[in-house]
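Visitor: The lines below spell out each chain.
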Amino acid sequence: SQELEQSPQSLIVQEGKNLTINCTSSKTLYGLYWYKQKYGEGLIFLMMLQKGGEEKSHEKITAKLDEKKQQSSLHITASQPSHAGIYLCGARGGSQGNLIFGKGTKLSVKP
Amino acid sequence: GAVVSQHPSRVICKSGTSVKIECRSLDFQATTMFWYRQFPKKSLMLMATSNEGSKATYEQGVEKDKFLINHASLTLSTLTVTSAHPEDSSFYICSARPRGVKNTEAFFGQGTRLTVV
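If you're matching them up, the sequences are chains A and B in order.
For what it's worth, the working numbering labels the leading residue of the first sequence as 487, then goes sequentially.
For what it's worth, the working numbering labels the leading residue of the second sequence as 88, then goes sequentially.
So that you can see chain A by itself, here it is in the shape it has in the complex (with noise of 0.2 Å):
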């Protein structure tokens, strides 16, 4: 079954830093999800990547999936305690067309 790996698992970072969030698949990627969620709330969908080499950005986060689709990589720029949260990549290889998710990377930022 795959399995996804991210990393760091939690991070300080002092505001205005950049930084980087890592999600490693033990399989090919099909469809790589990005998702934002606070403690207790429901995920905010951040970006969603397919195909090799696929790069996109919302406001200062970007994300890329690698060219051979097993890794992806979110970054944040000049991160703002707005960003503070727990960030999951998801991808999509459940056996029910679900989505099978990393354990997170908790993110505080400091003012």
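Honestly, the hints are just simulated from the structure, not real lab data.
Treat the numbers as computed from the prediction; the structure is a model and nothing was measured.
A hint or two may mislead.
[Claimed, not checked] Straight-line C-alpha distance at most 27 Å; calculated DSSO-like pairs for lysine-lysine: (1) B/107 <-> B/153; (2) A/513 <-> B/128; (3) B/129 <-> A/596; (4) A/589 <-> B/151; (5) B/128 <-> B/107; (6) A/596 <-> B/128; (7) B/129 <-> A/550.
Given chain A, put chain B in place with the hints provided.
Guide: For chain B alone, coordinates are given in the frame of chain A:
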């Protein structure tokens, strides 16, 4: 984007009672909805797949008699935790995919924090 509404957001119940959680797609139809459970510091685990008009498909290790799923319409799926125990306390979240649309994101509800006392 499409909206999935999950209710209630928080519920506290006594051991032995049952709790129903609703998942509604507000502006689209969903033939399939997914129910996940989230444990602290662990990834979201799929519990079951809810299919409109048919029986739900449960993942291995999930008791179908304990976690009853009903998908009565194209916009509503319910999860009922029967005879709740403290170990059922968790965060439950549903997701739905628009009917007939491929390669789109799955939309998630706000989640339900269940505490069994």
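Visitor: Compare the distance between the alpha carbons of residue 128 of chain B and residue 107 of chain B with 27 Å, and conclude whether the hinted pair is satisfied.
Guide: holds (25 Å)
Visitor: Is residue 129 of chain B within 27 Å of residue 596 of chain A, Cα to Cα?
Guide: holds (24 Å)
Visitor: What's the verdict on residue 513 of chain A and residue 128 of chain B, does the C-alpha distance respect the 27 Å limit or exceed it?
Guide: Status holds; Cα separation ~23 Å.
Visitor: Starting from residue 107 of chain B, check that the Cα of residue 153 of chain B is at most 27 Å away, please.
Guide: holds (12 Å)
Visitor: With a cut-off of 27 Å on the C-alpha distance, tell me whether residue 589 of chain A and residue 151 of chain B pass.
Guide: Satisfied, since the Cα-Cα distance of roughly 25 Å is no more than 27 Å.
Visitor: Hint check: residue 596 of chain A vs residue 128 of chain B, CA-CA at most 27 Å. Holds or violated?
Guide: Given that 27 Å is the threshold and the Cα spacing comes to 21 Å, the pair holds.
Visitor: Take the C-alpha atoms of residue 129 of chain B and residue 550 of chain A, compute the straight-line distance between them, and say whether it is at most 27 Å.
Guide: holds (24 Å)
The structure agrees with every numbered hint stated previously.
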